[in-house]
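Let the hints inform the model, and build the full structure from the sequences given.
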Amino acid sequence: MSINRRFFLKSSGIALAGFGLMQSAPSFLERIALADGKAGSGRRKTLITIFQRGAVDGLNMVVPHGDKNYYSLRPTLAVPQPKQGNESALDLDGFFGLHPSLGVLKPLWDAKRLAIVDAVGSPDNTRSHFDAQDYMESATPGVKSTRDGWLNRYLQSNPDTKATPFRAVSMTQNLPRTLQGRAPAVAISNLSDFTIQAGTSSASLQGGFESIYAQGVNDVLQGTGKETFEAVNYLKKINPAQFKPENGAQYPRNQFGNALLQISQLIKAGVGLEVAFTDTPGLNWDTHFNQGNSRGQLANLLLQFGAGLNALVTDLGKHMDDVVILTMSEFGRTVRENGTRGTDHGHANAMFVIGNSVGGGKVYGDWPGLGGDQLYEGRDLALTTDFRDIFAEVAQKHLGSTKMDKVFPGYATSTSKYRGVI
Amino acid sequence: MVFVMKAFKNFARRAAALFSLLAVLSATFFVGASAQQTKQKPRLSEDQLILHVLNRLGFGARPGDVERVRALGVENYIKQQLNPASISDEVADAKVRNLPVLSMSTAELYAKYPNPGLLLRQLQREGKLPEDLAQLRDERNGIAAQPNAKDSGAMSKDDAKSGDEMKAPSDRSEYRRAIRDYYIKNNLRPPQQLIQELHASRILRAVYSERQLQEVLVDFWTNHFNVFAGKGADRWLLVSYDRDTIRPHTMGKFRDLLLATAQSPAMLFYLDNFQSVSPDAPQGGARQNRRQFEQGQRGGLQGMPGGQGMGRGLGRGLGRGLGQADRDLRQEARRREQQDNPEMSKEQQQGQRAKRGINENYARELMELHTLGVDGGYTQKDVQEVARCFTGWTIFDPRGISSRVAPQMADQAGKFYFNPRLHDDGEKLVLGHKIPAGGGINDGLMVLDILSKHPSTAKFIATKLAVKFVTDNPSPSLVERIASAYTRSDGDIRETLRAIFTTPEFIAPDMYRAKIKTPFELAVSAVRTLGGETNGGPAFHQWIARMGEPIYGYQAPTGYPDTAEDWVNTGALLERLNFGLALANNRIPGTRVNLDRFATDGKSASADKTQTMERFLAVLLQGDVSPNTRQTLLKQVSEPLPEMTEKSAKAGAMDDEDEALLTDAPPRGRRELARADFGPINSEMVKIVGLILGSPEFQRQ
Numbered sequence: 004m005s006i007n008r009r010f011f012l013k014s015s016g017i018a019l020a021g022f023g024l025m026q027s028a029p030s031f032l033e034r035i036a037l038a039d040g041k042a043g044s045g046r047r048k049t050l051i052t053i054f055q056r057g058a059v060d061g062l063n064m065v066v067p068h069g070d071k072n073y074y075s076l077r078p079t080l081a082v083p084q085p086k087q088g089n090e091s092a093l094d095l096d097g098f099f100g101l102h103p104s105l106g107v108l109k110p111l112w113d114a115k116r117l118a119i120v121d122a123v124g125s126p127d128n129t130r131s132h133f134d135a136q137d138y139m140e141s142a143t144p145g146v147k148s149t150r151d152g153w154l155n156r157y158l159q160s161n162p163d164t165k166a167t168p169f170r171a172v173s174m175t176q177n178l179p180r181t182l183q184g185r186a187p188a189v190a191i192s193n194l195s196d197f198t199i200q201a202g203t204s205s206a207s208l209q210g211g212f213e214s215i216y217a218q219g220v221n222d223v224l225q226g227t228g229k230e231t232f233e234a235v236n237y238l239k240k241i242n243p244a245q246f247k248p249e250n251g252a253q254y255p256r257n258q259f260g261n262a263l264l265q266i267s268q269l270i271k272a273g274v275g276l277e278v279a280f281t282d283t284p285g286l287n288w289d290t291h292f293n294q295g296n297s298r299g300q301l302a303n304l305l306l307q308f309g310a311g312l313n314a315l316v317t318d319l320g321k322h323m324d325d326v327v328i329l330t331m332s333e334f335g336r337t338v339r340e341n342g343t344r345g346t347d348h349g350h351a352n353a354m355f356v357i358g359n360s361v362g363g364g365k366v367y368g369d370w371p372g373l374g375g376d377q378l379y380e381g382r383d384l385a386l387t388t389d390f391r392d393i394f395a396e397v398a399q400k401h402l403g404s405t406k407m408d409k410v411f412p413g414y415a416t417s418t419s420k421y422r423g424v425i
Numbered sequence: 002m003v004f005v006m007k008a009f010k011n012f013a014r015r016a017a018a019l020f021s022l023l024a025v026l027s028a029t030f031f032v033g034a035s036a037q038q039t040k041q042k043p044r045l046s047e048d049q050l051i052l053h054v055l056n057r058l059g060f061g062a063r064p065g066d067v068e069r070v071r072a073l074g075v076e077n078y079i080k081q082q083l084n085p086a087s088i089s090d091e092v093a094d095a096k097v098r099n100l101p102v103l104s105m106s107t108a109e110l111y112a113k114y115p116n117p118g119l120l121l122r123q124l125q126r127e128g129k130l131p132e133d134l135a136q137l138r139d140e141r142n143g144i145a146a147q148p149n150a151k152d153s154g155a156m157s158k159d160d161a162k163s164g165d166e167m168k169a170p171s172d173r174s175e176y177r178r179a180i181r182d183y184y185i186k187n188n189l190r191p192p193q194q195l196i197q198e199l200h201a202s203r204i205l206r207a208v209y210s211e212r213q214l215q216e217v218l219v220d221f222w223t224n225h226f227n228v229f230a231g232k233g234a235d236r237w238l239l240v241s242y243d244r245d246t247i248r249p250h251t252m253g254k255f256r257d258l259l260l261a262t263a264q265s266p267a268m269l270f271y272l273d274n275f276q277s278v279s280p281d282a283p284q285g286g287a288r289q290n291r292r293q294f295e296q297g298q299r300g301g302l303q304g305m306p307g308g309q310g311m312g313r314g315l316g317r318g319l320g321r322g323l324g325q326a327d328r329d330l331r332q333e334a335r336r337r338e339q340q341d342n343p344e345m346s347k348e349q350q351q352g353q354r355a356k357r358g359i360n361e362n363y364a365r366e367l368m369e370l371h372t373l374g375v376d377g378g379y380t381q382k383d384v385q386e387v388a389r390c391f392t393g394w395t396i397f398d399p400r401g402i403s404s405r406v407a408p409q410m411a412d413q414a415g416k417f418y419f420n421p422r423l424h425d426d427g428e429k430l431v432l433g434h435k436i437p438a439g440g441g442i443n444d445g446l447m448v449l450d451i452l453s454k455h456p457s458t459a460k461f462i463a464t465k466l467a468v469k470f471v472t473d474n475p476s477p478s479l480v481e482r483i484a485s486a487y488t489r490s491d492g493d494i495r496e497t498l499r500a501i502f503t504t505p506e507f508i509a510p511d512m513y514r515a516k517i518k519t520p521f522e523l524a525v526s527a528v529r530t531l532g533g534e535t536n537g538g539p540a541f542h543q544w545i546a547r548m549g550e551p552i553y554g555y556q557a558p559t560g561y562p563d564t565a566e567d568w569v570n571t572g573a574l575l576e577r578l579n580f581g582l583a584l585a586n587n588r589i590p591g592t593r594v595n596l597d598r599f600a601t602d603g604k605s606a607s608a609d610k611t612q613t614m615e616r617f618l619a620v621l622l623q624g625d626v627s628p629n630t631r632q633t634l635l636k637q638v639s640e641p642l643p644e645m646t647e648k649s650a651k652a653g654a655m656d657d658e659d660e661a662l663l664t665d666a667p668p669r670g671r672r673e674l675a676r677a678d679f680g681p682i683n684s685e686m687v688k689i690v691g692l693i694l695g696s697p698e699f700q701r702q
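Sequence lines, in order, name chains A and B. Counted from 1, the first sequence has number 389 at position 386 by the numbering used here; the numbering is strictly sequential. Counted from 1, the second sequence has number 401 at position 400 by the numbering used here; the numbering is strictly sequential.
Beyond 12 Å from chain B on every Cβ pair, some chain A residues (computed):
1. Gly69
2. Asp70
3. Tyr74
4. Ala81
5. Gly320
6. Asp324
7. Gly368
8. Gln399
9. Lys409
Here are the computed lysine-lysine pairs in the BS3-like style, where the Cα-Cα straight-line distance is at most 27 Å:
10. A:Lys409 - B:Lys465
11. B:Lys636 - A:Lys240
12. B:Lys186 - B:Lys129
13. A:Lys271 - A:Lys109
14. A:Lys409 - B:Lys382
15. A:Lys365 - A:Lys48
16. A:Lys239 - B:Lys636
For the record, the hints were derived by calculation from the structure and aren't laboratory data. Ideal Cβ placement from N, Cα and C applies to all residues, glycine included.
Pasting the structure below:
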């Protein structure tokens, strides 16, 4: 292993002579080598979570066209039933349909790589974006003082001696609540920023820092310092930007597309990415006014959302054997349209689960109905699946999580509650 | 310890006696070269001691500080810092005088820095929304896109193929510009400016204030009683939170600080207590109105603990209770909402009302995070009972709509008041204490008394203070001594701090540079140490945020954790190194360091590189640095690695598409800030300073 490492340092193009990186115990690069699958540690599974902040209208994203109340409660917002022109819902199973903006996802559905969970969400009745996002990211509905996010607790409870600094990456400016906690996780909005930023002096100064941090290894600062530069050098060497979109994938040319592209690049580069996070920058799902139906505001948002997901799956190709994409949003929106042709904050919502290992082509969860007495608090889609059951299933079946009580404190997870999405 | 507690019934006099004893003891720790202690136990040198105190009680040493403290004496310095009122602070006061928000009431802030979305809706209701603005808003929301949506809206697979065609629904920047113009024309300011000024005030005071311990404690208590600026109205409420809630109470009785936070609109909003009402609270009806009108009047007058001055507004305006006025306001808001939503059904209205009831959030965090600690010995039943006690502790007009809906009450917007109509007046049992029925606002006050006197609180606060000021892993005996100082002094924060600063552990050699600076501490101390100047503006704050600690930017009520592991990870460390380089290279707009001032003989310091390096090691780290770091720096200055070519350096850089920060700074501005990080470094001096600022030694305090 140390041979690999030395070889890399020499070939990295950064002159390090005179600043010999000394011994190190568990080298990041050694772990990279182990993690790439050739060293017999098994292939690395990756979970990509995408948070639609602002509360997407799940009822128009996944249209319950078989429920007549949907049409009576949404006179101007409803998406027409399937087969009524190219603006109608794309039928999935005779009851549900995709919003026509999500046409690009239909082939994934047909290939059974896209599963949908409907009437899923938080048992807490808050209609505050802030609180609901907080609860979903901590996965402790109703408990605000939870210190860490659920994905971080997964990382903590499944320590990986071969973990790399890129085990958990958020493509955001700041670390989201989901990934906050004791386990290392990095927020990087642009991979190319993950370096010493000093213009023409960057390499020279990096050499200096490396040398300073190479001394002594007996504390967190020095250990992290060495780790950091190994990561920086590694990223520089593999140059993720070299991984151009493949298979004809076309990412939306905006921040959302850029975030997804970089996640794909990290996966292809084999940096040991296990948990990735992004929200949907630039896409505001909070459609109180003039939401639109098959066209309009939400249609435009979904167009970009779908295009991004499709590009990611297309680009990753065979990698999707080991990847699961999970989408979420803090709560759904009112079943009735409001007085400004929009929808207000509601309750249960819909989630997408995408991957080659996913039990796709099926809408999971029981449909509670949209009749007057079936609505939650008289106005919202009722909940039939706790979002933690989906998180737990993905964590356990895809990532191999074992300490479920640690990941979901105060919640009794059980395989019997799993919906079978994977 | 029980003995101590009992014995000090008449604590004031005796505690004073005890303190003087401790002071004598401590004097020997600090300066006395007591013969017994020499050699056997290594001790901090005098300079190390001074630096240690300047780092832990403050944000590092400015040029000349060490000498000043040496002349004054360390104990005198500590004594001074414990009495901030005795220190004149003209420089810092002058710096923050340029920040108008600091002296504005919440009502004034709502009027001057309105939320654009809310403002537009109000203008529309009043029929005052300018035509062009209305049109742009509709466009943004996708209405205008509909007529010609035939081409762009058709959702076939072909359309989705090209990413190029996927633009935002409409041109947001034009809309933004129109709003900005409206604000300028009407002499309004955007709300993000408000939070930027508040950030600036925190940074400026930390950098310039002579009352360093006060600023450290503002930081500490603000974090202990964390409030997140991103939650709704809290952006507007935080100004008062900093000025009226935290600052006046940093070193007083803990109970007073606790009460101030319990009655602060910022906390009431953040932890939802303003919405927490007795389930039995009446929900309307004309007959009830009259009765509650009278109650409200009485309640408004009696519900003013601690002279919050809430009664003031009663004489004016409608001459009625705030409770009644608040209800009028809500009814008016509801009426308007119904006007806007004519199809809103009865069910829907009921659905919205169904939210009313007890909210336990504040009660839980009050015990878990503010006082007892998670294992402090309370039950879920206690949480419920405490929540009942605080029903009716609410905010008048929390979002500041009264300026348009009820101008006569506008100056009351965003203030705390107790509404007895919403209070659960039954008997409660809290941690074994009976709280009799009919107590009104006194229920909550009693809870705060019980909690602040509770031994678990003493221990919890002692532990947090020990971690803050001494070590990440305080020994049980240290915690116990601090806790007993808290208990002895009836929860006096100043006396508790004094106990910490006089304990031998505080100045033990292995405590020297044992704490990792938080990003805020690192940024501020770097500027101070170099004698730099800053306006505390968004560019500087953005660096603090990038390193992981945006001010008022922690979402969860726990506040930022405060141990090394929490601050040191690869991403954050890299930002720390880059911050030091940006600062040394004067690449942070609004912040300047003049490295030439440290040149040894007035001319360019690069004349003798080794000398320069030693000079800056002295300035930044008092020359106290590991041989290895010195060796490396020496190597760096004598055999620098070759510079990259301009071209290869550029290849590493790219356009920054930073995500929206808390401040909602417009994208253009953000990109400028980001680009400013890059740039050639022409001077060896800058490199040396950048390396030292990034060294492990400078990350510590």
